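Enquirer: First residue of the sequence shown? That's 37 in the numbering used here, and the numbers climb one at a time after it.
Source of the hints: derived by calculation from the structure; they are not laboratory data.
One or more of the hints may lead you astray.
Label-pair ranges, simulated between beta-carbon atoms [said to hold, decoys possible]:
#, residue 1, residue 2, range
1, PRO405, GLN158, 45 to 53 Å
2, ARG257, PRO488, 36 to 44 Å
3, ARG478, LYS402, 32 to 40 Å
4, SER54, ALA255, 22 to 30 Å
5, PRO389, GLU474, 50 to 58 Å
6, PRO389, LEU208, 44 to 52 Å
7, SER54, LYS103, 18 to 26 Å
8, ASP463, SER309, 29 to 37 Å
9, PRO212, ARG257, 43 to 51 Å
In the DSSO-like style, the derived pairs of lysine-lysine whose C-alpha atoms are separated by at most 27 Å in a straight line are [to be verified]:
#, residue 1, residue 2
10, LYS392, LYS465
11, LYS305, LYS442
12, LYS379, LYS280
13, LYS259, LYS403
14, LYS40, LYS379
15, LYS226, LYS213
16, LYS65, LYS53
17, LYS305, LYS363
18, LYS229, LYS403
19, LYS280, LYS305
20, LYS53, LYS69
21, LYS106, LYS147
22, LYS106, LYS154
23, LYS213, LYS75
24, LYS442, LYS363
The structure presented is a predicted model; accordingly, all values stated were derived computationally and were not measured.
Don't be surprised by glycine CBs; every beta carbon is placed ideally from N, CA and C.
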Amino acid sequence: MTFKEFGLCSETLGGLKSGGFTEATEIQKQAIKPALEGKDVLASAKTGSGKTLAFIIPMLECLHREKWSKNDGLGALIITPTRELAYQIFEVLRMVGQRHQFSAALIIGGKDLAMERKRIDQMNIIVCTPGRLQQHMEENPLFQSDNLKMLIIDEADRILDLGFKESLNAILDFLPKERQCLLFSATQTKSVKDLARLSLNDPITVSADANSDTTTPDALRQKYTVINLEQKLSFLFAFIKRHKKSKILVFIATCKQTKYIHNLFCRMKPGVSINALYGGLHQLKRMDIYNKFSDVRHCVLLATDVAARGLDFPDVDWVVQLDCPDKPETYIHRVGRTARYDKNGRSLLVLMPNEKDYMLERLEKKKIPLEEIPTRDKHLFWIESTVESHLARDVSLKEEAKRAFKAYIKSLLNTNFKQRFDPKQLDLKAFAKSLGLEVTPRVRVLERRNIPIDDRKPMAKGRPATFEVHSSDESSDEEFLRPSKKPRLIPDLDSEEVEDKRKIDFEVEKLEKKNLPKAKLAKTLQKKRIKINNHIVFNKDD
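Work out the full structure, taking the sequences as your base and the hints as a guide.
Expert: Rendered as structure tokens:
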């Protein structure tokens with residue numbers, strides 16, 4: 037079915053043609069017609085099915101038929117969960133609506149608030165995030181929505197997951213009741229249905245995948261592999277090295293992990309461009325990274341779930357989930373970044389042994405087929421020594437590694453299913469070492485929960501087996517190195533060795549002093565108030 041069959045105006049058809057859109061997808065076929073008739077729509081479809089055009093086209097047509105102008109004020113409002121998705125929708129709107137005379141604005145955090153305040157009353161269409169919109173509603177007297185014709189809520193389930201329920205309720209109370217509403221989501225959860233009851237009036241429910249055997253795109257090949265926690269970093273580096281000619285999107289659990297792995301891999305130079313997208317980056321930086329990854333054919337993007345919802349990256353070959361998603365819905369949105377618009381794509385889910393059974397069972401219930409790929413040692417590049425050398429040269433990188441370790445442990449503790457964190461199955465000391473840390477960082481959350489971590493003392497290198505490092509503050513400086521036990525000497529009682537016991541003890545003491553580090557020796561001299569590095573002048577010739 038072509039877009040001409042919907043009876044669209046020439047301006048909208050011209051914009052669609054400029055963007056290369058001619059044939060309607062399944063969700064567009066089902067959603068556009070009732071929306072053009074002025075009905076409320078509750079729509080759900082697989083990721084990558086073309087939901088954005090399914091609401092932009094009816095919105096443009098609605099304002100065009102009303103002969104909307106700048107003087108009429110706000111006519112359409114699009115609410116979306118993240119800045120990146122709002123930016124992407126705004127770019128599609130600019131493309132498809134280029135022949136219309138409507139004014140439009142992108143209202144998101146990280147942009148000039150003062151500029152938005154001055155011009156917001158001149159906008160016909162606003163694309164925004166919930167928090168920023170609520171801020172204008174409460175603080176900006178120029179924001180008016182009395183004439184609003186259409187409200188669009190995209191990725192409604194994600195908006196609720198991110199904790200915007202109260203903001204969304206406040207927004208709905210503020211907006212006029214007499215308006216058309218389109219609500220789009222990839223999954224129909226209980227929260228979404230509750231929201232629909234509040235915001236929609238006798239809606240038409242459409243679903244593009246109601247008769248599908250799976251809840252993920254048909255052109256998507258989905259694999260999983262099982263490895264230990266301490267193998268993940270080496271596995272990811274090996275995967276990137278083997279797929280240099282691919283476009284890879286890697287999902288990682290936390291911002292601090294993403295930042296550390298990005299900075300580390302950039303130093304290790306795997307032979308392909310690597311970028312990172314995560315919360316905390318300046319908005320202009322996030323947009324720049326989004327555009328770079330979209331424009332380049334062979335590259336890697338490390339990202340948190342900020343990139344999992346709605347973002348349309350063209351020609352993504354692989355989606356790698358280095359860390360297990362907290363629920364099947366998150367998995368669906370992550371893999372939806374590839375195999376978009378009937379193109380082929382591949383995904384790889386990395387699971388730890390304690391995650392496998394639980395997660396696969398939940399994915400199977402959602403009709404998500406996965407095939408296992410066994411991982412062998414020959415598939416890995418063991419990079420521990422290289423990582424350690426980089427951390428030894430860069431103190432800031434070492435601090436990032438510590439923060440990444442702590443952030444990941446906290447994410448495991450806060451997960452929806454507790455099977456992910458089992459101290460008996462996770463070797464945290466080995467995990468710390470895989471990040472390049474000789475000493476396992478202290479995690480206060482574990483201490484408060486009385487969860488033990490292996491000894492945090494570093495392995496002694498190059499020292500005799502009978503000596504050990506003591507870090508107790510009570511030990512004297514001379515005892516920094518001491519025998520773990522007395523030397524095993526079994527002399528003949530009749531021999532002279534018994535008489536040489538003092539000599540043996542003296543030699544051990546002498547050995548201790550000989551190996552005393554300079555820092556400890558200097559500390560000892562300071563305690564004894566011995567002045568060091570002083571040049572005493574006895575006469576002018578000295």
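Enquirer: Now tell me if each hint is right for this structure.
Expert: Checked hints:
1. PRO405 to GLN158: 45 to 53 Å: holds, 51 Å
2. ARG257 to PRO488: 36 to 44 Å: Taking Cβ atoms as reference, ARG257 and PRO488 lie about 42 Å apart, which means the hint holds.
3. ARG478 to LYS402: 32 to 40 Å: holds, 39 Å
4. SER54 to ALA255: 22 to 30 Å: Taking Cβ atoms as reference, SER54 and ALA255 lie about 26 Å apart, which means the hint holds.
5. PRO389 to GLU474: 50 to 58 Å: violated, 26 Å
6. PRO389 to LEU208: 44 to 52 Å: holds, 45 Å
7. SER54 to LYS103: 18 to 26 Å: Cβ of SER54 to Cβ of LYS103: about 23 Å, so the range 18 to 26 Å holds.
8. ASP463 to SER309: 29 to 37 Å: For SER309 against ASP463, whose Cβ atoms are near 33 Å apart, the range 29 to 37 Å holds.
9. PRO212 to ARG257: 43 to 51 Å: holds, 47 Å
10. LYS392 to LYS465: Distance ~22 Å between LYS392 and LYS465 Cα, so the pair holds.
11. LYS305 to LYS442: OK: LYS305 and LYS442 at ~26 Å, within 27 Å.
12. LYS379 to LYS280: Roughly 20 Å separates the two Cα atoms, so the pair holds.
13. LYS259 to LYS403: holds, 14 Å
14. LYS40 to LYS379: The given pair, whose Cα atoms are some 24 Å apart, holds under the 27 Å limit.
15. LYS226 to LYS213: Holds: LYS226 and LYS213 sit about 23 Å apart, inside 27 Å.
16. LYS65 to LYS53: At roughly 17 Å apart (the allowed maximum being 27 Å), LYS53 and LYS65 satisfy the hint.
17. LYS305 to LYS363: Violated, at about 33 Å.
18. LYS229 to LYS403: Given pair LYS229, LYS403 holds - Cα atoms ~21 Å apart, limit 27 Å.
19. LYS280 to LYS305: Satisfied, since the Cα-Cα distance of roughly 12 Å is no more than 27 Å.
20. LYS53 to LYS69: Between LYS53 and LYS69 the Cα gap is close to 19 Å, so the pair holds against 27 Å.
21. LYS106 to LYS147: holds, 23 Å
22. LYS106 to LYS154: holds, 15 Å
23. LYS213 to LYS75: Cα-Cα ~14 Å, so holds.
24. LYS442 to LYS363: holds, 22 Å
Hints 5 and 17 from the list above are not met by this structure, while the remaining hints are.
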